[in-house]
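Enquirer: Read off the chains here:
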Amino acid sequence: MDGSDLTLLNHRNSNEEPVIALAGNPNTGKSTLFNALTGLHQHTGNWPGKTVLHSRGHYVYQGINYTVVDLPGTYSLIANSIDEEVARDFICFQKPEVTVVVADATCLERNLNLVLQIMEITSQVILAVNLMDEARRKKITIDDKELQRRLGVPVVPMEARQGVGVSELKDTIAQVIDRRIVPHPRLVRYEPDIEDAIALLEPQIIRALGDGISARWLSLRILEGNLDIVKNFLPASLIKEAV
Amino acid sequence: MNIKLPQLRPGQRGIVQEIQGEGLTRRRMLDLGMVPGTLVEVVRRSPLGDPVAYQIRGAVIALRKDEASYINVTTC
Ligand SMILES: Nc1nc2c(ncn2[C@@H]2O[C@H](COP(=O)(O)OP(=O)(O)OP(=O)(O)O)[C@@H](O)[C@H]2O)c(=O)[nH]1
Ligand SMILES: [Mg+2]
Chain A
1 MDGSDLTLLN HRNSNEEPVI ALAGNPNTGK STLFNALTGL HQHTGNWPGK TVLHSRGHYV
61 YQGINYTVVD LPGTYSLIAN SIDEEVARDF ICFQKPEVTV VVADATCLER NLNLVLQIME
121 ITSQVILAVN LMDEARRKKI TIDDKELQRR LGVPVVPMEA RQGVGVSELK DTIAQVIDRR
181 IVPHPRLVRY EPDIEDAIAL LEPQIIRALG DGISARWLSL RILEGNLDIV KNFLPASLIK
241 EAV
Chain B
1001 MNIKLPQLRP GQRGIVQEIQ GEGLTRRRML DLGMVPGTLV EVVRRSPLGD PVAYQIRGAV
1061 IALRKDEASY INVTTC
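Order-wise, the sequence lines are chains A and B. Quick note, the first sequence lines up with residues 1 to 243 if you use our numbering. Quick note, the second sequence lines up with residues 1001 to 1076 if you use our numbering.
No wet-lab data here; the hints were simulated from the structure. Yeah, the Cβ is synthetic: ideal placement off N, Cα and C, and Gly gets one too. It is possible that part of the hints are untrue.
Calculated from the model, a selection of chain A residues having no Cβ within reach of chain B, i.e. all distances over 10 Å [stated by the list, open to error]: (1) P26; (2) G57; (3) D133; (4) L187; (5) E191; (6) E224.
One-sided and incomplete, this derived list gives chain B residues near chain A with beta-carbon spacing under 10 Å [what the hints assert, rightly or not]: (7) M1001; (8) R1013; (9) I1019; (10) E1022; (11) G1023; (12) R1027; (13) L1032; (14) G1033; (15) I1056; (16) R1057; (17) G1058.
Make a model of the complete structure from these sequences and hints.
Expert: This is the structure:
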């Protein structure tokens, strides 16, 4: 996505239909959930990396139209691959009203890495713990209330293929959008010297780019030496300065 | 025994001891779940021997030999 797209994307106004992004590790049931939400029959398969470009669908809940975007599965948003870049750019630039992170209940731990990364980018996060039927079969129990308390974002247990949890998810999305639920993500605290460096960078990023992007997240990428990511954000600031 | 991950044969398991390399390569390994203490099992090799599929924390992940060489494991 280049600078010219950015201005277009930033101009989406708030009375348009809310956009819900579905993110998550590969093969966690994002496309299945997308179909369950929208009634579309996007092809799903049991191998990773299938959803390459995001597809869009719509649903109506309590009189409101929602747009749903199915993102490719990724383990990270550092943009090691096209899939990660697509997912990251969508969450960073398109700024969906809510990002639903779809996690696999049978290997929740590995899924939480991405959940924590997304929470650093946006606070508008819901965790959908999918494949609860598989977890039950493997005798894994998940304390969703405790998970919700520790993460600070709403957690919805689901079996997307059977449609279980879909109406609970729609309701949670509606509540996050109209602020009846306000997520307060509990962010990772890094070593003191890293936190000190973030504290130095954050105000400068906000001054240069405004508050449209998570300054904490971008600070961390700068500290990591990930200059490719930083370059992606510079055109936006230059455009803003020029206007 | 401390060896590099590509030296494990299909069916063998190892425990991650350390990830060499730095920057994005290291970060990518960590994001895939390769943190010290992680149990890794070799699932299968592709016909040409590279990449190799590993079972890591509940997911099967294919790594090229040059990537997997950054990871030191002990056999178990
Ligand atoms: N048992 C069970 N299987 C599910 C559930 N949800 C999805 N699946 C299955 O999981 C597999 C992967 O589903 P997809 O929806 O393609 O997963 P995805 O996250 O879109 O995958 P990528 O786009 O490749 O990342 C399919 O075989 C689904 O039928 C569920 O709740 N329970
Ligand atoms: Mg998909």
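Enquirer: Look at each hint and say if it fits the structure.
Expert: Going through the hints against the structure:
Separation of P26(A) from chain B is inadequate, the least Cβ-Cβ distance of about 8 Å not exceeding the 10 Å criterion. Even its closest Cβ contact with chain B, about 27 Å, leaves G57(A) beyond 10 Å, as expected for a residue assigned away from the interface. Separation of D133(A) from chain B is adequate, the least Cβ-Cβ distance of about 16 Å exceeding the 10 Å criterion. Every CB of chain B lies more than 10 Å from the CB of L187(A), the least distance being 17 Å, so the non-interface label holds.
With a least CB separation of 15 Å from chain B, E191(A) remains clear of the 10 Å interface cut-off, as annotated. Residue-level check failed: E224(A) sits 7 Å from the nearest beta carbon of chain B, not beyond 10 Å. This hint is violated: M1001(B) has a C-beta 26 Å from the nearest C-beta of chain A, more than the 10 Å allowed. A hinted interface residue such as R1013(B) counts as satisfied when its beta carbon comes closer than 10 Å to some beta carbon of chain A; here the least separation is about 17 Å, so the hint is violated.
With its C-beta approaching chain A no nearer than about 15 Å, I1019(B) sits outside the 10 Å limit, and its interface hint is violated. Using the Cβ-Cβ criterion of 10 Å, the hint placing E1022(B) at the interface with chain A is satisfied: the shortest such distance is roughly 9 Å. Because the closest C-beta pair between G1023(B) and chain A is about 6 Å apart, less than 10 Å, the hint holds. The criterion of a C-beta within 10 Å of any C-beta in chain A is met by R1027(B), whose closest approach is roughly 6 Å, and the hint holds.
Using the Cβ-Cβ criterion of 10 Å, the hint placing L1032(B) at the interface with chain A is satisfied: the shortest such distance is roughly 6 Å. For the restraint placing G1033(B) at the interface with chain A, the shortest Cβ-Cβ distance is roughly 5 Å, inside the 10 Å limit, so the hint holds. Contact between I1056(B) and chain A, as hinted, is supported at the beta carbon level, the nearest pair being about 8 Å apart and thus within 10 Å. Taken as an interface hint, R1057(B) checks out: its beta carbon lies about 4 Å from the nearest beta carbon of chain A, inside 10 Å.
At about 3 Å, the closest approach between the beta carbon of G1058(B) and any beta carbon in chain A falls short of 10 Å, and the interface hint on this residue holds.
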